[in-house]
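S.K.: Note that the protein sequences, when read in sequence, are chains A and B. Basically this note's numbering = 1-based index in the first sequence + 3. Basically this note's numbering = 1-based index in the second sequence + 61.
It is possible that some hints are incorrect.
[Said to hold, decoys possible] A partial selection of chain A residues facing chain B, derived with a Cβ cut-off under 10 Å:
{"hint": "1", "residue": "D68"}
{"hint": "2", "residue": "E69"}
{"hint": "3", "residue": "L71"}
{"hint": "4", "residue": "V77"}
{"hint": "5", "residue": "P137"}
{"hint": "6", "residue": "T146"}
{"hint": "7", "residue": "Q229"}
{"hint": "8", "residue": "G266"}
{"hint": "9", "residue": "A270"}
{"hint": "10", "residue": "S280"}
{"hint": "11", "residue": "Y333"}
{"hint": "12", "residue": "K334"}
{"hint": "13", "residue": "E336"}
Hint data in this document are derived by calculation from the structure and do not stem from the laboratory. Glycine included, every Cβ here is placed at the ideal spot set by N, Cα and C.
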Amino acid sequence: MANILVFIETKKDEIREFSLEALNTARKIADASGGKVYALLVGKTDGFDDTLAHYGADVVYKVTDERLSNYLTVPYAKAVKAAMDKAGASVFLLSATSLGKDLAPRVAAKFGVPMVSDLTGLEYKDGKFEIVKPLYAGKVYGTFELSAEPAIISLRPKIFEKGEPDTSRSASSEELTVDLTDDDFRAKVVEVKEKETGEIDVTEADIIVSGGRGVKGPEGFELLRQLIDVLNKAGVGKVALGASRVAVDSGWIDHSHQVGQTGKVVAPKLYMAFGISGAIQHLAGMRTSKVIVAVNKDPEAPIFKVADYGLVEDLFKVVPEMIKELKEIYKVE
Amino acid sequence: MKILVLLKKVPDTGLTLQVKPDGSDIVRDNITYVINPYDEFAIEEALKIKEKLGDVETVAISVGDEGAKEQIRTALAMGLDRGILVKVDGFWDLDGYTTAMMLKDVIEKEGFDLILTGKMAVDDYNSQVPAYIAEFFNIPQATYIVKLELDGNTAKVERELETGMEEWEVPLPAILTCEKGLNEPRYPSLRGIMQAKKKPIDVVEPSFTPSEAIKKVKLAPPPEKAPGKIIDKEFPENVKELIRLLREEAKVL
Ligand SMILES: Cc1cc2nc3c(=O)[nH]c(=O)nc-3n(C[C@H](O)[C@H](O)[C@H](O)COP(=O)(O)OP(=O)(O)OC[C@H]3O[C@@H](n4cnc5c(N)ncnc54)[C@H](O)[C@@H]3O)c2cc1C
Ligand SMILES: Cc1cc2nc3c(=O)[nH]c(=O)nc-3n(C[C@H](O)[C@H](O)[C@H](O)COP(=O)(O)OP(=O)(O)OC[C@H]3O[C@@H](n4cnc5c(N)ncnc54)[C@H](O)[C@@H]3O)c2cc1C
């Protein structure tokens with residue numbers, strides 16, 4: 004039997020979708036092993052009970068505390084430890100977001116156990132986990148057996164299904180008190196600057212429109228932004244702008260857009276690469292995308308090896324044509 | 062002031078890697094290794110602090126095999142003062158907890174005001190080691206920093222997250238993990254390379270036996286993708302066809 008604690012991340016009064024992926028994954032493991040699923044909310048804890056129940060929580064633990072409205076590693080790790088102990092949980096599951104990657108190893112250290120990060124595969128068998136994770140920037144996939152107790156596991160965002168909500172489910176909820184001292188608040192958050200509204204991060208996107216050296220400059224990125232605008236209006240999902248390192252290093256676009264080994268790892272349903280050659284370090288960041296489109300003038304460009312659909316064509320012809328075509332299909336301006 | 066920089070030897074990121082037929086490891090003949098790229102930001106930042114404050118000792122520490130001396134030597138050629146190698150053959154099979162436990166004794170002996178690391182090792186994207194160490198020493202951590210300013214005993218940092226930016230203030234001693242954008246790592250100068258030859262690298266045995274809680278089953282190449290389609294029509298028919306396929310076949314639009 005495995006009781007599982009899932010850390011729930013919220014942003015702007017919403018549960019981040021990645022946390023639901025972790026929750027649904029926990030539900031499946033609990034069903035297979037006869038355990039219970041505990042969801043943990045820290046800081047702002049109001050108004051999420053139903054959603055959490057629908058996606059698989061049996062119990063919602065809440066640590067409601069003004070001082071925790073912004074994430075801070077040390078007190079959050081303490082809250083997780085307290086919740087683990089209270090739930091008698093043998094598994095801690097969360098999404099490998101920036102927050103998840105900061106928090107999980109700190110919790111693992113409290114228990115003095117090794118942990119596994121950024122998984123793309125997870126199976127529970129005879130009281131142990133068989134896990135799959137990309138190594139060497141996705142050039143190799145490793146299968147490992149995890150027998151640590153507790154098992155502390157972070158999941159790569161967008162790989163695991165969040166499933167369909169089951170509205171017939173309900174969960175009990177309980178307030179936890181965590182013993183926090185001044186010492187736990189040595190690090191302080193001075194300011195949080197959230198992304199400008201409307202701008203979606205590549206890690207959160209359903210669709211990424213991405214540009215490389217072939218885009219030739221900031222004006223090229225303006226063109227890609229027009230395509231994004233049309234896709235947004237068409238209502239086909241959350242669309243973000245991506246970039247290769249060359250585009251970032253040339254100063255055409257901010258580093259937060261960079262996809263790849265020294266950028267972000269993304270797994271959208273659709274990744275469209277315009278004027279990107281497909282260097283191994285770029286592929287490292289986007290090869291787990293579900294559908295990949297490559298537009299490149301050079302038929303030998305390595306990006307075509309991972310592309311589901313390829314166009315050997317000048318992107319400056321293709322993008323305006325796509326914009327025109329999409330406007331017609333979706334009847335948007 | 063004393064700054065420790067943690068660095069890891071990793072395969073050159075531009076290489077194509079092969080898995081051994083038995084799946085036990087990657088083929089390591091002819092692989093060239095480099096300093097984990099994010100650790101170069103940590104090295105550079107330590108050097109910038111030293112240049113600014115003057116009286117700063119900088120030490121590179123790595124858990125690695127004999128060959129990792131080469132990466133430590135490069136860090137010394139960039140300008141760090143001395144190095145320590147915790148020597149472990151096959152160190153790439155150590156989990157993050159074990160690596161951190163092996164670093165713990167050395168760090169304790171050295172003492173520090175600040176530890177700088179990369180935000181993650183590019184071979185396994187774990188981001189584990191720094192947080193373990195932070196907890197072991199009961200110090201604050203700030204990850205993914207793209208800006209660092211030392212104001213007396215306080216580190217003012219900017220963290221780059223997928224959700225936006227955060228400014229944190231962290232009192233020393235602390236551990237900070239470096240993200241791209243923090244600085245531009247320098248190349249070792251010829252003079253630096255000559256000087257590095259004389260800088261000491263201590264080699265120590267690990268005092269911790271690896272945990273066995275994570276066992277490798279096998280390594281494999283990435284799952285094969287079905288070969289894609291090159292849409293072989295004239296412009297603008299090819300663009301129309303692409304959109305049709307995305308809508309009707311792939312169902313992503
Ligand atoms: C340690 C390290 C880490 C790295 N990390 C990253 C990373 O995180 N992300 C990353 O992307 N890279 C990374 N790189 C860099 C990587 O090796 C490549 O240099 C980079 O990805 C190439 O960018 P690109 O594809 O935009 O440019 P190029 O390789 O120059 O490709 C440009 C492509 O555009 C095509 N093109 C030109 N004009 C047009 C046109 N009008 N229409 C259509 N196609 C056109 C060309 O045919 C070409 O294929 C890293 C490198 C190192 C050493
Ligand atoms: C049985 C087993 C087999 C494994 N096999 C492989 C494998 O074949 N290939 C593979 O890539 N991984 C493998 N791993 C995982 C990997 O080797 C460990 O996770 C790693 O040693 C821990 O560091 P990290 O890479 O997670 O570092 P991270 O926590 O991602 O690194 C963050 C920072 O910590 C510091 N740091 C990390 N490692 C060191 C170090 N050794 N010395 C000094 N500072 C360091 C650096 O500053 C780095 O930037 C295996 C793990 C296990 C348990």
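S.K.: Grab the minimum C-beta distance from L71 of chain A to chain B and call the hint holds if it beats 10 Å, violated otherwise.
M.R.: violated, 15 Å
S.K.: So, as I understand it, the hint says D68 of chain A touches chain B; can you test that by seeing if any CB pair is closer than 10 Å?
M.R.: Status violated, d = 18 Å.
S.K.: Is the shortest C-beta separation between Q229 of chain A and chain B less than 10 Å?
M.R.: Violated - the Cβ of Q229 of chain A stays beyond 10 Å from chain B, reaching only about 15 Å at its closest.
S.K.: Can you verify the interface hint for E69 of chain A: is its Cβ closer than 10 Å to any Cβ in chain B?
M.R.: Check failed: Cβ of E69 of chain A comes no nearer than 18 Å to chain B, outside 10 Å.
S.K.: Report holds or violated for the interface hint on E336 of chain A, using the least CB-CB distance to chain B and a cut-off of 10 Å.
M.R.: Nearest chain B Cβ about 18 Å off; hint violated.
S.K.: A closest beta-carbon separation below 10 Å is what the hint needs, so does K334 of chain A meet it against chain B?
M.R.: violated, 14 Å
S.K.: Taking the least C-beta to C-beta distance, is P137 of chain A closer than 10 Å to chain B?
M.R.: With Cβ-Cβ at 7 Å, under 10 Å, it holds.
S.K.: Less than 10 Å between beta-carbons is the criterion; does G266 of chain A satisfy it with respect to chain B?
M.R.: Check passed: Cβ of G266 of chain A comes within 8 Å of chain B, closer than 10 Å.
S.K.: Does the nearest C-beta of chain B fall within a distance shorter than 10 Å of the C-beta of Y333 of chain A?
M.R.: The hint holds - Y333 of chain A has a Cβ within 10 Å of chain B, the shortest such distance being about 9 Å.
S.K.: Close enough to count: is the Cβ of S280 of chain A nearer than 10 Å to one in chain B?
M.R.: With Cβ-Cβ at 13 Å, over 10 Å, it is violated.
S.K.: Given a cut of 10 Å on the nearest C-beta pair, is the interface hint for V77 of chain A held or broken against chain B?
M.R.: Holds, about 6 Å.
S.K.: Per the CB criterion, is A270 of chain A less than 10 Å away from chain B?
M.R.: violated, 13 Å
Hint compliance for this structure: hints 1, 2, 3, 7, 9, 10, 12, 13 are broken, all remaining hints hold.
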